[in-house]
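Engineer: The lines below spell out each chain.
There are 2 protein chains.
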Amino acid sequence: MPDKKQIGNTQLERIFHPKRLAVIGVSAGSLGFGSRTIQTLLHFGYQGEIYPVNPKGGTIAGLKIFKTLEEIPGDLDLAIITVPAPLVPEALEACRKKGVIGAEILSAGFKELGTPEGIALEDEVKRIVQKGIRVVGPNCFGIYCPAGGITILPGLDFSHESGPVAFLAQSGGMAGEFVNNGKSLGLKFSKVVSFGNGVDLRETELLHYLGEDPETKVICMYMEGVEDGRAFFKVLKEVTAKKPVIIYKGGLSQSGSRAVVSHTASLGGSRQIWESMMRQANVVQVNNSWEMAQASLAFVVLPERPFQRVAVVGGGGALGVAASDTAESFGFELPIFPTSTQERIMAILPKPGSSATNPVDAANPGVPPEILKEVLLKTGMEEKIDLQILIQLFFIYKSIVRQGGMTLDEATPYRNLGKAIEEVQGQTNKPVILILPNSRREAEDLDLEEVRRKACCLFFEKGVLTFENLTDAFRAIAQVSRYYTRREAGKR
Amino acid sequence: MPDKKQIGNTQLERIFHPKRLAVIGVSAGSLGFGSRTIQTLLHFGYQGEIYPVNPKGGTIAGLKIFKTLEEIPGDLDLAIITVPAPLVPEALEACRKKGVIGAEILSAGFKELGTPEGIALEDEVKRIVQKGIRVVGPNCFGIYCPAGGITILPGLDFSHESGPVAFLAQSGGMAGEFVNNGKSLGLKFSKVVSFGNGVDLRETELLHYLGEDPETKVICMYMEGVEDGRAFFKVLKEVTAKKPVIIYKGGLSQSGSRAVVSHTASLGGSRQIWESMMRQANVVQVNNSWEMAQASLAFVVLPERPFQRVAVVGGGGALGVAASDTAESFGFELPIFPTSTQERIMAILPKPGSSATNPVDAANPGVPPEILKEVLLKTGMEEKIDLQILIQLFFIYKSIVRQGGMTLDEATPYRNLGKAIEEVQGQTNKPVILILPNSRREAEDLDLEEVRRKACCLFFEKGVLTFENLTDAFRAIAQVSRYYTRREAGKR
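Chains A and B, in that order, give the protein sequences.
Just so you know, we're using our numbering here: the first sequence kicks off at 790 and counts up by one.
Just so you know, we're using our numbering here: the second sequence kicks off at 790 and counts up by one.
Bear in mind the hints are in silico, worked out from the structure with no lab data behind them.
Among the hints, erroneous ones may be present.
If several chains are the same, the list does not tell them apart, and a pair holds so long as it fits within one copy or across any two.
Straight line, CA to CA, 35 Å or less: simulated DSBU-like cross-link-like pairs of lysine-lysine [said to hold, decoys possible]:
| id | residue 1 | residue 2 |
| --- | --- | --- |
| 1 | 1006 | 1187 |
| 2 | 977 | 856 |
| 3 | 853 | 1140 |
| 4 | 853 | 1187 |
| 5 | 1243 | 1187 |
| 6 | 1140 | 887 |
| 7 | 1187 | 977 |
Here the structure is a predicted model, which means the values were calculated and not measured.
Work the whole structure out from these sequences, hints included.
Structural biologist: Next comes the structure, spelled out in structure tokens:
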């Protein structure tokens, strides 16, 4: 048998982009895991061959069900195993004998049960792996890889387009949650793997693979435990020297580590060790999947460099106060603009009520994009500024709609604003980050949410980063900034 | 002139519930501040008499415009002054001479400009106040008091119903933001005052008033500066002994305190002094208006006592891990259930994949309300439990809708869930807090947001507290819990 490391990537390429796959454990007409997996793959538009397997035979979704794996003609890249846990070893052994490259074992009922039976079953699976087949799982959702045309069970409507973000998760639920969160922000994914108990393929090898994967620019991980801390740390350092790795570590609390044992049978490890390891390896640490999605977004959209000095522009004094407080709490500075700049800004702002030291207060939240553009060009041209924040209260346009004649979509100047910011970013070569707070979230205000979502898509297409609130924004920018600062320092 | 303290509350009652008010500075047909104020009051349904004032006369919205204040027959409770700053002293002096109880000065252009003219104008206003008229402002939005039928300019569609939450803010924008945030959570308000530069009525006196106001159960404040720290601290301690006071202090950073000066001309004060004062006075400290709205909600809905030991129920292992980690990070414990309880819970949960030590993992997110009710009754009856958390992923029901035959509203079992939780709360006498995370926020997922908002209204009506995520939930519960723990300790 050739060395695992040598052929690892080729094997993984075939597993991520399977041309021929078997689904083991489907029953004609039933709504079990196996049948739902096939329906999901078909609906997702998988272009390769699907071979359902069940001893009873029959057909499902127009496909012939093979009674045994051996009957399937030709090679198989991937087998998706969905039979109950006690039947898994036999199915996996059949896969190995047939020469299937890899198997996803979706079934639960292994070590995570904490029972002697569960542990014995998992050991059996491990022994088969040793004999030569790659395994994702058990107790997992498997792989979502748009370029390979495959998705996970709750990933029926994930995007078909590839993108720069990869995700590794012990938890299947977390994989679904993270892809959905990312998708709602406009993110696209290269490879997502839910590996559950991780008897074979897991954090270290997959991270190494993604570190070398040219499709992947940002790597995210939800981790409950680690198999070999030393090996993982080594690979982690190698990968973070090339691309950002964002880790959400679950189970660092007492009851959380207890929950981890019954979830993926992992040993959580101490908070001190984890946090020190992540710090030393320049890992971006996050506390939940939403933070992870937002940090990914910031890494994808922002230029690859640190940011320190911020200009803030908004209409409303308390907004500026809040932006300043939040910026400083995340380690940013708001330099005071030179008097000449302040005067040039004041010349174009409504009065009284405006001010221009930094933050710039445009006095009211309805200042049109054309004026904001002029302000942002002046503040953005300041040498002392690395990045700009613009706060816009889109909900105020609802009162214009009430005065009649326009839809909310027409009244909200997001198209002009997108153009204005695109031009400012182009001319200043500094990012402008848009904060779109929405305090109006009642049942009758869904129209505001609709326009906000449409606007965010448009801004994302124009390379403009948007956030719903200041804390989310500054946290994500600080994460990007800290990563590049430390990566540059590490290179010196 | 009688002592301010003695008659203060009677004066304030008349200002909050004016039967006759003047709006000074309206021009027929124009869209200035004054005209918009009148339109807002009429639209809001103010039931008293409105007297517009402008030297040019005319009519507005069917009301006669008086050329001078003196011409108006009879007494006035309130005057809303919207003329440009240089004309404010004259208008205010006319009000005083007429015997108007109080004036809201909405106009900006005073001390916050930092110019000698602005400072001089503010001093003039102060001298008139000394001669005997109460003033809210200048540079403010004034008062929203549903029982008095009055609202602030951006408060056209605020609720007409009174409720238990009061809010004091130096910032008008913040007043609008907070009421909207609160409204979207189902909160109702007693009195909201935006007092801007606060030449007369401001934090200390208004807090004292609200402390004695039987309508007000929870007091929220957005503060930029304080006029008399010692007096404020004294009143603060008196009030927090009776009801919770939630403070969001803006401008504690360097650039934030600079922004405060140009916003409301306040001196921000040092972080150390503020934080120590707030801690000593058992103030609930928050970092933004959203946190403040959520803390208010928790105070309004939860019983008045501390909570320490939490049971967590959800469907999905990573959810339980996240809930445990978050709970402990806010100081809560998750006691392990006795084996007998675990067995009784396991007997009703789907297998494999479930576990019941605490957190309880129901194995999948689609477990029906009837089963959840049985679980929550068992966990809630545990002596060691003070409060329960139930995590529900409503977005999974979208896939059921896709399978046909039902609307999302029908497919999402929120009505049954509301009934189930209401019964559990009734039988256990312990709150069940519902977490409704939504990772699907794309443009085409507005239906999920619609059902979530409808469901939250229903839950709120049944006295069930809901949050969108674990961090928001545990932060708010911890704030409530800490307040009552410290209040009880203070009484001993």
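Engineer: Classify it for me, residue 1140 with residue 887: is the Cα-Cα distance of at most 35 Å met within a copy, between copies, both or neither?
Structural biologist: between (78 Å within a copy, 31 Å between copies)
Engineer: Evaluate residue 1243 and residue 1187 at a C-alpha cut-off of 35 Å and name the case that applies: within, between, both or neither.
Structural biologist: Cα proximity of residue 1243 and residue 1187: in one copy and across copies (16 Å, 21 Å).
Engineer: Please sort residue 1187 with residue 977 into within, between, both or neither, judging by C-alpha distance up to 35 Å.
Structural biologist: both (32 Å within a copy, 21 Å between copies)
Engineer: Is it within, between, both, or neither for residue 853 and residue 1187, if the alpha carbons may be no more than 35 Å apart?
Structural biologist: Result: close only across copies, 30 Å inter versus 56 Å intra.
Engineer: Is it within, between, both or neither when you check residue 1006 against residue 1187 at 35 Å Cα-Cα?
Structural biologist: between (39 Å within a copy, 31 Å between copies)
Engineer: When no copy is specified for residue 853 and residue 1140, does a C-alpha distance of 35 Å or less occur within a copy, between copies, both, or neither?
Structural biologist: between (75 Å within a copy, 30 Å between copies)
Engineer: Which holds for residue 977 with residue 856 at a C-alpha limit of 35 Å: within a copy, between copies, both or neither?
Structural biologist: neither (38 Å within a copy, 65 Å between copies)
The structure is inconsistent with hint 2 alone, although it conforms to all the rest.
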